[in-house]
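Number of protein chains: 2
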Amino acid sequence: MIPTRCASSGFFVEICAMPHISQRGQAMPASPIRKLVPFAEMAEQQGKKVHYLNIGQPDIPSPAGAMDALRHHDVKILAYSHSAGFISYRKKLVDYYSKHGIHITAQDMIVTTGGSEALAMAMGAILDPGDEIIIPEPYYANYLGFATASGAVVIPVVSSIESGFELPSMSEIESLITPKTRALLLCNPGNPTGKLYTKKELAQVRKIALKHDLFIIADEVYREFTYDRLKHTSVMSLEGMEEHAVLIDSVSKRYSMCGARIGLLASKNESFMSSAMRFAQARLSPPTFEQIAAEAALETPDAYFKEVNVEYTKRRDYLIGRLNAMDGVFCPKPSGAFYCMAQLPVENSDHFCQWMLESFDHEGNTVMMAPAGGFYTDSSLGAQQVRLAYVLDVQDLKVAMDALEVGLQVYPYRLA
Amino acid sequence: MIPTRCASSGFFVEICAMPHISQRGQAMPASPIRKLVPFAEMAEQQGKKVHYLNIGQPDIPSPAGAMDALRHHDVKILAYSHSAGFISYRKKLVDYYSKHGIHITAQDMIVTTGGSEALAMAMGAILDPGDEIIIPEPYYANYLGFATASGAVVIPVVSSIESGFELPSMSEIESLITPKTRALLLCNPGNPTGKLYTKKELAQVRKIALKHDLFIIADEVYREFTYDRLKHTSVMSLEGMEEHAVLIDSVSKRYSMCGARIGLLASKNESFMSSAMRFAQARLSPPTFEQIAAEAALETPDAYFKEVNVEYTKRRDYLIGRLNAMDGVFCPKPSGAFYCMAQLPVENSDHFCQWMLESFDHEGNTVMMAPAGGFYTDSSLGAQQVRLAYVLDVQDLKVAMDALEVGLQVYPYRLA
Numbered sequence: 003m004i005p006t007r008c009a010s011s012g013f014f015v016e017i018c019a020m021p022h023i024s025q026r027g028q029a030m031p032a033s034p035i036r037k038l039v040p041f042a043e044m045a046e047q048q049g050k051k052v053h054y055l056n057i058g059q060p061d062i063p064s065p066a067g068a069m070d071a072l073r074h075h076d077v078k079i080l081a082y083s084h085s086a087g088f089i090s091y092r093k094k095l096v097d098y099y100s101k102h103g104i105h106i107t108a109q110d111m112i113v114t115t116g117g118s119e120a121l122a123m124a125m126g127a128i129l130d131p132g133d134e135i136i137i138p139e140p141y142y143a144n145y146l147g148f149a150t151a152s153g154a155v156v157i158p159v160v161s162s163i164e165s166g167f168e169l170p171s172m173s174e175i176e177s178l179i180t181p182k183t184r185a186l187l188l189c190n191p192g193n194p195t196g197k198l199y200t201k202k203e204l205a206q207v208r209k210i211a212l213k214h215d216l217f218i219i220a221d222e223v224y225r226e227f228t229y230d231r232l233k234h235t236s237v238m239s240l241e242g243m244e245e246h247a248v249l250i251d252s253v254s255k256r257y258s259m260c261g262a263r264i265g266l267l268a269s270k271n272e273s274f275m276s277s278a279m280r281f282a283q284a285r286l287s288p289p290t291f292e293q294i295a296a297e298a299a300l301e302t303p304d305a306y307f308k309e310v311n312v313e314y315t316k317r318r319d320y321l322i323g324r325l326n327a328m329d330g331v332f333c334p335k336p337s338g339a340f341y342c343m344a345q346l347p348v349e350n351s352d353h354f355c356q357w358m359l360e361s362f363d364h365e366g367n368t369v370m371m372a373p374a375g376g377f378y379t380d381s382s383l384g385a386q387q388v389r390l391a392y393v394l395d396v397q398d399l400k401v402a403m404d405a406l407e408v409g410l411q412v413y414p415y416r417l418a
Numbered sequence: 003m004i005p006t007r008c009a010s011s012g013f014f015v016e017i018c019a020m021p022h023i024s025q026r027g028q029a030m031p032a033s034p035i036r037k038l039v040p041f042a043e044m045a046e047q048q049g050k051k052v053h054y055l056n057i058g059q060p061d062i063p064s065p066a067g068a069m070d071a072l073r074h075h076d077v078k079i080l081a082y083s084h085s086a087g088f089i090s091y092r093k094k095l096v097d098y099y100s101k102h103g104i105h106i107t108a109q110d111m112i113v114t115t116g117g118s119e120a121l122a123m124a125m126g127a128i129l130d131p132g133d134e135i136i137i138p139e140p141y142y143a144n145y146l147g148f149a150t151a152s153g154a155v156v157i158p159v160v161s162s163i164e165s166g167f168e169l170p171s172m173s174e175i176e177s178l179i180t181p182k183t184r185a186l187l188l189c190n191p192g193n194p195t196g197k198l199y200t201k202k203e204l205a206q207v208r209k210i211a212l213k214h215d216l217f218i219i220a221d222e223v224y225r226e227f228t229y230d231r232l233k234h235t236s237v238m239s240l241e242g243m244e245e246h247a248v249l250i251d252s253v254s255k256r257y258s259m260c261g262a263r264i265g266l267l268a269s270k271n272e273s274f275m276s277s278a279m280r281f282a283q284a285r286l287s288p289p290t291f292e293q294i295a296a297e298a299a300l301e302t303p304d305a306y307f308k309e310v311n312v313e314y315t316k317r318r319d320y321l322i323g324r325l326n327a328m329d330g331v332f333c334p335k336p337s338g339a340f341y342c343m344a345q346l347p348v349e350n351s352d353h354f355c356q357w358m359l360e361s362f363d364h365e366g367n368t369v370m371m372a373p374a375g376g377f378y379t380d381s382s383l384g385a386q387q388v389r390l391a392y393v394l395d396v397q398d399l400k401v402a403m404d405a406l407e408v409g410l411q412v413y414p415y416r417l418a
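Protein chains in written order, with the numbering used here: chain W, 3 to 418; chain A, 3 to 418.
Just so you know, the hints here were simulated from the structure itself, not pulled from any lab data.
Given that identical chains are not distinguished, each listed pair holds provided it fits within a single copy or across any two copies.
For lysine-lysine, the following BS3-like pairs were computed, each having C-alpha atoms within a straight-line distance of at most 27 angstroms:
hint : residue 1 : residue 2
1    : Lys-233   : Lys-202
2    : Lys-270   : Lys-37
3    : Lys-78    : Lys-51
4    : Lys-93    : Lys-37
5    : Lys-78    : Lys-94
6    : Lys-316   : Lys-78
7    : Lys-335   : Lys-233
8    : Lys-213   : Lys-270
9    : Lys-78    : Lys-308
10   : Lys-50    : Lys-78
11   : Lys-201   : Lys-233
12   : Lys-209   : Lys-101
13   : Lys-94    : Lys-233
Model the full structure from these sequences, guided by the hints.
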């Protein structure tokens with residue numbers, strides 16, 4: 003018998019050098035938010051103060067009640083919980099959602115390990131390999147990650163920075179619908195755009211869902227973060243969408259508890275939930291301690307959110323003011339979440355962001371931003387844009403904006 | 003324009019009734035361990051005492067040090083951790099693994115949300131939709147769940163109860179290898195079999211991996227649970243397997259911390275790890291509090307494991323003794339984990355297990371077991387078998403075995 007052909011090297015050998023990584027494993031995108039980390043580490047080693055505006059990790063303390071709940075736990079055997087999560091927690095969530103105009107029962111919910119797992123389960127239950135999901139772009143980069151992981155195809159529809167990332171028109175979206183289209187995914191309020199969809203835009207979403215029989219997967223983890231007295235409208239509250247609406251949620255941003263990894267998947271569609279529940283059973287249960295914290299977080303007083311809102315409004319106004327005052331910069335005012343997308347007078351924001359860390363400082367300060375290419379399927383669409391998260395206080399933002407302003411002036415590849 | 007054809011109903015309607023669930027979402031298996039839960043609940047409502055031998059949830063207290071660590075946490079902002087998990091935890095794990103003959107660095111590890119996520123990431127990085135993974139059966143039912151979720155195909159190879167679930171022969175395994183085969187998945191010690199593979203069996207695994215260029219995914223979460231002075235050998239410790247061996251691990255069973263959902267994915271194969279890392283980045287990070295508990299658990303004194311081992315040995319000996327003394331029952335003696343598979347004189351263990359809950363009690367007691375059909379790809383192969391987890395103390399096991407013994411005597415569909 004001749005020796006085996008090595009799938010890696012292509013040679014016939016007795017012992018193969020290396021087994022294969024899957025195509026999807028190769029296609030998995032690197033995080034655009036985290037990929038500049040080595041340059042930031044280098045900048046810090048050089049003694050620079052790096053202001054991190056690249057990642058949605060708020061500096062707001064988590065609610066004291068939630069953190070205290072863990073200090074007083076009485077767990078002796080850290081056992082599996084229900085695959086859908088604590089029933090006590092889900093029952094309390096019924097009230098929380100009801101206050102936000104979302105009327106669901108504890109049976110309509112699965113507690114997940116972060117919004118991430120809710121997304122992965124939703125895609126698993128809706129999309130087969132090769133199926134298509136339409137997403138307005140720029141979009142949260144990990145949507146592409148989860149779609150790639152499940153073998154599905156993201157079909158982007160561009161929303162423009164000039165319009166403040168308005169929902170693309172009915173006809174633009176409809177022109178992308180094929181027999182393989184299964185769902186439309188919306189982030190509202192939007193990461194990375196900060197866009198809060200209007201009732202009119204959501205009416206259009208509803209029309210598309212019902213007309214074309216599509217699921218609407220609504221990522222509403224920034225629900226509490228709306229400004230200028232605008233109110234968030236949930237896809238779950240739209241009339242006649244019981245079979246079509248799927249809610250992705252998380253405590254990460256709401257309570258500044260990103261590390262809890264407690265999210266939620268909810269829908270009134272019973273066959274969807276029954277399928278999602280089998281994905282949930284396969285991974286057994288969400289983490290126990292973090293559910294204790296999340297359940298306690300529900301007691302957080304309204305004053306917490308008011309304070310947070312005042313703080314973020316101040317930061318947003320300051321950041322947007324500074325950005326738009328810079329020569330050649332344009333940044334639409336976000337009405338939700340805590341991100342903004344800025345158009346910079348540079349050819350390639352990947353290079354500019356790296357340069358800011360590698361080759362620049364202003365009085366010892368520099369800024370880490372997320373180049374926007376990773377938020378677009380065709381990364382060239384974001385080549386002049388960056389995402390900034392206003393997760394630092396105004397004093398830090400001032401130093402960061404001073405550095406960015408000078409950086410843009412002296413950047414050797416600045417566009418005229 | 004005519005109205006849209008509704009994909010669910012097939013009719014032309016203005017508003018469609020319902021969007022579709024994916025084929026994989028429909029194919030996701032229900033948990034064989036949890037599917038009898040409604041009958042158990044009913045039995046309890048009828049006042050019966052149900053002895054739960056169906057699920058691998060130990061009754062052993064989690065290490066006090068790990069539980070205390072949470073009581074003294076000083077987390078103010080519950081932030082994202084590194085996508086690969088706390089570096090402090092990974093560095094300590096280097097020592098833990100080294101004691102078990104597994105020589106890996108902190109860079110060879112990704113802390114995952116349970117062994118479940120480690121499995122999902124490993125399959126994602128190795129298998130494309132349609133690719134094949136060979137698994138000796140009976141196997142942990144959720145392997146099928148994760149393979150289905152990732153669109154891959156499980157190719158089972160039967161290990162027989164008569165042989166004590168020995169690894170199938172080289173030629174049997176090789177006869178199943180096709181151009182689509184990417185990996186062999188082993189659970190060692192085995193769930194549901196309790197089988198601890200010998201060095202000879204592992205040498206065969208190594209030969210197959212190197213000859214056919216396959217990944218070996220080794221689920222070794224029961225490493226500490228070996229009996230009769232037998233020692234566990236890790237696939238990671240086999241010579242020349244650096245590029246082929248992938249380790250799945252978890253704190254769930256080791257420290258009786260199933261609810262922590264802290265697992266580990268490890269390999270010396272850099273391209274595998276770099277791909278897995280992108281899956282890890284997409285879901286951001288494992289839960290923070292549970293990592294604190296898992297890191298503290300590493301300080302658990304050896305006495306804890308010795309006590310646990312003594313306890314499980316006692317339970318195993320009692321359980322196996324009782325089972326094999328029952329007329330028509332055969333149960334090979336497991337050398338690892340805390341499960342055994344028993345062959346019963348019944349035609350359909352699904353029905354028998356349901357009947358035990360629904361229609362039987364012995365002095366108010368009954369037993370919940372896991373019918374073994376769900377541990378086989380062709381469920382008929384497990385029709386006469388059940389899995390029992392010896393996660394109760396000997397006193398409870400006695401009452402449970404008394405009930406099972408009488409149940410088997412009076413079961414109307416008992417085989418002669």
